[in-house]
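Student: Using the sequences and the hints, build the whole thing.
There are 2 protein chains.
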Amino acid sequence: MSEQLTNVKSVFHKRFANLSSAISNRLWRNADTNYKCDVLLTFPELIDDRVIVWFLEKFIQLQPDIRVSIKHHFTTGVYGFYLTFTYERVLKGAEALQLEKPIKQEFGGGYQRLLFHELDIYEGVEDEDKFFSTQERQSIVFHLLYSIRILENETLNGIKFKIDQSLIQRGLEKKLISQVIPLHNKEQLNHLRETWVWPKNIFKAQPIVDIRQYFGVKIALYFCWLSFYTRALCLPALYGTYIWYYSGQSQELDDKLFIIHSLLNIIWATGFLIFWRRRQAELAYEWNTLDMEQLEDTRATYKGQLRRSPVTNKYAPYYPAWKRLLFRLSVTMPMLIFNLVLVSFCILIIFRFQAWIDRQLKLGHLPSLMSLTQLLPKILLALVTTVFDDVYKRVCRWLTDKENYREQRTHDNQMIAKMFACACVNSYLSVFYIAFFTHTHIRLSDQLITIFVIKQFWDHVKEAIIPYIVSNTRLSMLIQLSKKEHDRYAERKDLNQELKRILDQWNNSKQIKTTDEISVDYSLSARDFIPSFETLSLSQAEIECLQPKWPDLYEDYLELVIQFGYIIFLSALFPLAAFFSLLNNILEIRADAFKLCMICQRPFSQRVKDIGHWQKIMEYMVIAAIVVNCIFCSIRGVFRRMLPNLPFAAEIFLLACIEHILIIVCKIIRSSIESVPYWVRVEKAKMEYRRREALTKLECNALHLKEGQTQENTT
Amino acid sequence: MSEQLTNVKSVFHKRFANLSSAISNRLWRNADTNYKCDVLLTFPELIDDRVIVWFLEKFIQLQPDIRVSIKHHFTTGVYGFYLTFTYERVLKGAEALQLEKPIKQEFGGGYQRLLFHELDIYEGVEDEDKFFSTQERQSIVFHLLYSIRILENETLNGIKFKIDQSLIQRGLEKKLISQVIPLHNKEQLNHLRETWVWPKNIFKAQPIVDIRQYFGVKIALYFCWLSFYTRALCLPALYGTYIWYYSGQSQELDDKLFIIHSLLNIIWATGFLIFWRRRQAELAYEWNTLDMEQLEDTRATYKGQLRRSPVTNKYAPYYPAWKRLLFRLSVTMPMLIFNLVLVSFCILIIFRFQAWIDRQLKLGHLPSLMSLTQLLPKILLALVTTVFDDVYKRVCRWLTDKENYREQRTHDNQMIAKMFACACVNSYLSVFYIAFFTHTHIRLSDQLITIFVIKQFWDHVKEAIIPYIVSNTRLSMLIQLSKKEHDRYAERKDLNQELKRILDQWNNSKQIKTTDEISVDYSLSARDFIPSFETLSLSQAEIECLQPKWPDLYEDYLELVIQFGYIIFLSALFPLAAFFSLLNNILEIRADAFKLCMICQRPFSQRVKDIGHWQKIMEYMVIAAIVVNCIFCSIRGVFRRMLPNLPFAAEIFLLACIEHILIIVCKIIRSSIESVPYWVRVEKAKMEYRRREALTKLECNALHLKEGQTQENTT
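First to last, the sequence lines map onto chains A and B.
Counting from 5, one number per residue, gives the positions in the first sequence under this note's numbering.
Counting from 5, one number per residue, gives the positions in the second sequence under this note's numbering.
In case anyone wonders, no lab produced these hints; they're calculated from the structure.
Take the hints with a grain of salt, since some may be wrong.
[Claimed, not checked] Below, computed lysine-lysine pairings styled on DSSO-like, alpha-carbon distance capped at 27 angstroms:
| no. | chain 1 | residue 1 | chain 2 | residue 2 |
| --- | --- | --- | --- | --- |
| 1 | A | Lys688 | B | Lys318 |
| 2 | B | Lys688 | A | Lys318 |
| 3 | A | Lys613 | B | Lys164 |
| 4 | B | Lys688 | A | Lys327 |
| 5 | A | Lys397 | A | Lys599 |
[Stated by the list, open to error] Calculated Cβ distances over 12 angstroms to all of chain B for the following chain A residues:
| no. | residue |
| --- | --- |
| 6 | Asp53 |
| 7 | Thr234 |
| 8 | Ser334 |
| 9 | Asp362 |
[Unchecked claim] Example chain B residues on the side facing chain A (calculated, C-beta under 10 angstroms, incomplete):
| no. | residue |
| --- | --- |
| 10 | Leu230 |
| 11 | Thr234 |
| 12 | Pro314 |
| 13 | Val631 |
Predicted model only: the values in this text are computed from it and were never measured.
Beta carbons are placed, not taken as given, at the ideal position from N, Cα and C, and that holds for glycine.
Tutor: Here's what the structure looks like:
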């Protein structure tokens with residue numbers, strides 16, 4: 005028995021050593037990059053031949069500017085369409101997406117929305133490969149793919165495709181297509197890995213320009229915010245440590261330090277939020293998203309009945325607002341409330357259990373050997389919060405998806421609100437319970453140290469290291485277990501030949517020579533199906549297909565906003581909170597970068613002009629912090645010791661007054677500082693002025709031309 | 005002695021009867037309307053001849069499209085320039101002001117910004133007289149006048165005119181020009197008087213369309229708000245009266261009614277503000293101001309050093325922000341604080357005095373005859389508040405003017421904030437003092453009835469009737485005392501001839517025939533100077549010159565917002581507040597209309613998209629009302645009677661909790677209802693879509709034309 009176990013162990017060990025870490029690195033290095041392809045669309049493994057052929061035919065027929073190459077991934081047996089468009093179509097797509105591009109110096113410089121009819125004024129438009137960053141190309145290609153719409157009602161495998169419906173959207177919705185992912189660019193990714201994930205100096209500034217170029221504005225903004233926050237944390241870390249050092253000498257001094265620390269925290273938080281808002285406006289200006297009208301681009305997963313849009317008069321999916329409201333009232337609200345009550349209940353039960361065990365131990369009712377049971381509630385608590393952490397995130401995602409918002413921004417904000425509400429209860433309830441109802445200072449410190457040191461460390465492990473190991477192991481397993489290429493090819497020989505026939509025919513009809521890179525590289529050429537004996541020659545794209553999807557920024561923001569809350573709510577009780585947070589965040593930057601560059605699929609870039617509801621939430625948290633700290637002042641007896649003759653009722657009234665005054669002062673400060681810096685406003689006005697002048701000029705030209713023509717016609 | 009008095013009285017009486025009411029009506033009726041003139045510019049009475057000639061020459065030279073007619077007003081001896089522009093120039097001005105105009109049905113309908121190069125697509129553009137409303141023409145003419153700028157440095161009467169400086173602005177600033185006013189249109193004004201000021205049925209809806217056409221968006225929006233508010237008041241008036249009827253039976257019932265009434269008030273106020281915000285968005289959509297970019301048009305009275313604007317690179321007045329900040333910190337703040345402290349001090353002193361007299365009377369230290377002295381503090385209080393009311397309004401105006409804001413909107417908002425702060429103390433302090441510190445219910449009701457019945461009635465008298473009498477009396481006096489026309493003419497014969505020469509010469513050079521209506525009607529023709537023996541044949545314009553300037557809407561809004569405050573703060577103590585407010589507001593509508601149509605000069609129209617800071621102020625007032633009502637609950641002992649066993653400290657804590665929960669609920673409700681109704685958003689999206697399509701089309705056309713031309717050139 006034991007021998008067998010050792011055997012299994014050693015086998016596993018070997019496999020792991022051989023395949024997982026070592027191999028997957030090799031995989032990444034050896035895989036060839038798909039330079040000339042932007043987006044990969046894959047089908048489920050066991051999909052009908054018809055479906056693949058039908059989609060190929062539709063793409064070719066409905067959007068002749070598309071460039072398709074097909075690969076049969078031998079590890080998983082899925083088919084991948086490697087998609088891109090002609091440069092002309094990409095430029096037109098950029099116009100539709102209202103992308104801003106730099107203008108040549110001789111035409112006035114600065115940025116302007118790309119207009120296809122004025123291409124010659126843009127800087128570097130001649131260079132097909134470099135004019136758009138890969139991230140931009142991918143967004144455009146996705147937008148173009150998404151806007152391929154059915155021209156007449158059709159039925160495929162029993163699934164109806166209605167007129168004006170998006171081919172891709174319907175395919176994804178009905179699981180005819182398994183995923184649409186943008187592909188990594190190996191060169192740029194490696195550069196990012198070197199300079200960002202594994203920099204020589206951990207305190208080195210992040211390469212924000214490169215990040216924005218590669219991952220887009222939303223992600224770059226997150227990392228800007230994170231580094232701004234981390235730098236801002238130095239201040240409370242400093243005075244927190246200082247106060248921690250001096251506290252504990254006398255009760256009187258401690259009380260004074262408590263009040264000073266609370267006030268400092270609130271001032272710091274207010275200042276941080278104001279200056280971040282200004283910095284954000286600067287960044288938005290630099291990245292040309294300040295004036296961005298919220299594009300009414302529909303989310304890819306938005307579902308709804310097709311009906312004529314009152315705006316464009318074309319068929320578009322429509323989900324009535326009353327249904328959403330009904331869902332929110334009848335499902336979202338009860339589920340969230342149930343969730344919150346359940347968590348609260350569990351946590352309170354555990355605290356009761358803890359109190360009971362403590363009492364039993366004190367009374368000696370339990371044998372002293374059982375003193376380890378004291379740890380039991382703690383472990384239970386950790387378990388419950390961890391489990392619920394996972395559960396509520398899933399629930400919130402599911403609920404928000406079901407609520408079916410049309411715009412990405414609304415979706416994000418709703419998700420944020422839900423997640424934050426759940427996280428609040430899950431994270432703060434236990435701490436506040438201890439702080440408010442049990443007066444043992446030591447236990448609170450215990451709890452907070454657990455959170456700041458252990459939980460945050462564990463989060464890094466959970467988010468970065470475990471997924472990395474899991475995904476690599478899975479990959480290696482898969483490769484080991486997968487069939488040989490020639491088996492795969494033989495399996496679906498008919499389909500392969502059919503696809504090749506269609507592609508060849510189309511290439512001939514479009515007169516694309518076979519020397520043309522695009523069609524040769526990715527067309528279903530024979531080369532792809534020649535069985536090679538090096539079974540590990542996976543392409544990078546195939547690996548990316550198997551990587552987990554990037555989970556967007558909700559959880560990353562959430563974690564940090566909750567941490568921000570600990571600092572402003574509780575750091576007067578635990579002055580080192582800011583210091584530990586600072587340490588954690590320095591790691592956090594690299595951990596999040598690691599997740600993006602090493603573990604997940606590349607995400608589609610998104611353009612945003614601010615961090616959304618998080619700003620508002622943090623602003624409300626500062627207000628809440630004022631209330632919480634006032635309550636602490638009363639509960640911890642700070643006021644009673646300072647003004648011993650004050651009746652209790654007067655004390656509470658006084659605290660309520662102080663609270664209101666602080667809130668008003670906070671609001672006044674917030675509203676009296678401009679959220680957009682002066683220089684940005686001037687630059688904006690300049691831009692606006694130039695644009696207006698340019699428009700007048702354009703119209704004048706059109707008029708002169710028209711007049712000129714009429715004259716020529718009459719003469 | 006008594007005979008003499010009777011004499012004076014009878015003389016005054018006669019004069020008043022003859023001249024004031026009767027004559028001024030006659031004046032209005034007989035005066036000829038200046039149909040073909042938009043704006044009247046007058047010079048001070050004793051101005052140098054040179055100045056008038058210089059201005060005339062400058063106008064002609066710098067803006068040849070101007071049409072000037074000159075009249076010598078014989079009653080006051082001032083010179084008036086009657087100004088307008090050619091239709092072409094007015095159209096161009098409308099383009100610069102980004103006026104929106106309806107498009108002909110065949111071009112798609114809807115509204116669009118006026119573009120001079122596409123005139124033919126606008127509905128009714130052919131009709132010079134009706135395409136613009138008089139109010140629009142006046143705004144455009146004022147804008148054009150304002151943008152007449154000096155081309156090189158000059159000196160006039162020791163006053164320097166620098167390059168790029170606005171002629172009109174500098175003239176007004178240095179008192180070379182006394183006023184620039186838009187003229188009334190008699191026909192439309194009479195129509196408004198009949199349908200609006202003196203309607204057959206006082207409950208009849210206001211002719212909002214006509215008001216907007218005649219006075220512009222800002223004034224129309226005020227009257228919409230006023231009528232919306234008045235209608236909304238029906239609800240609290242109803243339940244207020246109901247509660248008033250049932251109260252006073254037992255303490256228990258009263259307590260319940262108190263709580264119910266407070267809650268109802270807060271719910272009503274929250275709902276009112278939310279629905280007004282939606283209504284406002286609808287109005288803004290209908291009036292085409294929703295998408296209005298805040299025009300960076302400089303206020304006419306903005307002063308500053310000339311410097312090159314970083315935006316347009318032209319010379320423009322510039323007032324550095326640090327100077328404004330310095331002024332605000334060193335002058336505005338201390339003055340406002342001084343003002344507030346002084347008022348508070350006076351009011352408190354008066355209350356002390358009242359208490360002292362009450363005590364003396366009770367103790368019988370004062371003879372019973374002196375019981376009338378009890379009224380003395382009340383009269384003093386009324387006097388003090390009335391005087392301060394006037395003082396702080398002047399101070400706020402002066403301070404805001406000195407702070408010198410460039411944009412009208414900022415100016416308005418700053419004025420509103422200051423006025424409201426002062427008015428708060430002046431209006432609420434005495435009431436809150438009684439409510440909080442003296443527990444006599446009767447005295448509070450006294451005070452509130454005084455406010456609601458006497459003060460509001462007095463306000464109408466002060467705002468409408470007195471100014472009407474004063475202005476008419478002054479006018480009649482002036483006419484009686486004024487010189488005859490031929491004396492006036494002889495006085496400044498040289499100037500008159502010089503002006504006539506310049507005008508004639510210019511008219512000849514521009515080849516404007518004398519039959520041309522514009523030049524004949526208003527040129528300095530001999531007819532104007534032939535003495536007529538009917539001394540009362542004043543032109544309407546001359547009368548308007550003598551009317552007081554319209555004081556903008558600050559005070560009108562202020563009065564109503566303060567009233568709104570009484571209702572939500574105090575109506576639980578005085579349930580009839582809403583009812584009396586309702587009665588007052590029905591009168592208020594007509595009184596304000598009277599002021600606009602009968603007393604004041606016509607104002608220049610302003611375009612706004614909302615009521616500005618008033619909305620915010622009322623929103624904050626609702627929050628404050630929650631706090632105030634909670635305090636009342638405690639002070640009036642409502643809670644103590646309902647929960648007699650609750651310790652006082654717990655009561656206060658409980659109230660603080662209730663207060664916070666109410667505020668949070670209020671905020672959630674407010675943020676969960678969209679401030680722009682769905683249909684407006686759809687229409688907006690439609691407009692945006694159409695615009696984008698049109699732009700693409702325009703560019704395509706331009707391109708085709710260009711291509712066409714190049715081809716023609718090559719062939």
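Student: In terms of Cβ atoms, is chain B entirely out of 12 angstroms range of aspartate 362 of chain A?
Tutor: Given that every Cβ of chain B is farther than 12 angstroms from that of aspartate 362 of chain A, nearest at about 29 angstroms, it holds.
Student: Is the interface hint satisfied for leucine 230 of chain B? The criterion is a beta-carbon contact with chain A at less than 10 angstroms.
Tutor: Interface hint status for leucine 230 of chain B: violated (27 angstroms vs cutoff 10 angstroms).
Student: If you take the shortest Cβ to Cβ gap from proline 314 of chain B to chain A, is it below 10 angstroms?
Tutor: The hint holds - proline 314 of chain B has a Cβ within 10 angstroms of chain A, the shortest such distance being about 5 angstroms.
Student: Threonine 234 of chain A clear of chain B by more than 12 angstroms, beta carbon to beta carbon?
Tutor: Threonine 234 of chain A is indeed farther than 12 angstroms from all Cβ atoms of chain B, at 30 angstroms.
Student: Mind checking the alpha carbons of lysine 688 of chain A and lysine 318 of chain B for me, to see if they're no more than 27 angstroms apart?
Tutor: The hint holds at about 17 angstroms.
Student: Next pair to validate is lysine 397 of chain A with lysine 599 of chain A; report whether the Cα-Cα distance is within 27 angstroms.
Tutor: Judged against 27 angstroms, a Cα distance of about 18 angstroms means the pair holds.
Student: Test the statement that serine 334 of chain A is away from the interface with chain B: the closest C-beta pair must be farther apart than 12 angstroms.
Tutor: holds (16 angstroms)
Student: Would you check the hint for lysine 688 of chain B and lysine 327 of chain A, treating anything up to 27 angstroms between C-alpha atoms as holding?
Tutor: At roughly 23 angstroms apart (the allowed maximum being 27 angstroms), lysine 327 of chain A and lysine 688 of chain B satisfy the hint.
Student: A closest beta-carbon separation below 10 angstroms is what the hint needs, so does threonine 234 of chain B meet it against chain A?
Tutor: With a closest approach of 30 angstroms, the threonine 234 of chain B hint is violated.
Student: Checking one constraint from the list: CA of lysine 613 of chain A to CA of lysine 164 of chain B, max 27 angstroms. Satisfied?
Tutor: violated (47 angstroms)
Student: Could you check if valine 631 of chain B really has its C-beta closer than 10 angstroms to a C-beta on chain A?
Tutor: Hint on valine 631 of chain B: holds, closest Cβ of chain A at ~7 angstroms, below 10 angstroms.
Student: If you draw a straight line from the CA of lysine 688 of chain B to the CA of lysine 318 of chain A, is it 27 angstroms or shorter?
Tutor: Holds, at about 17 angstroms.
Of the numbered hints given earlier, the model fails hints 3, 10 and 11; all others are met.
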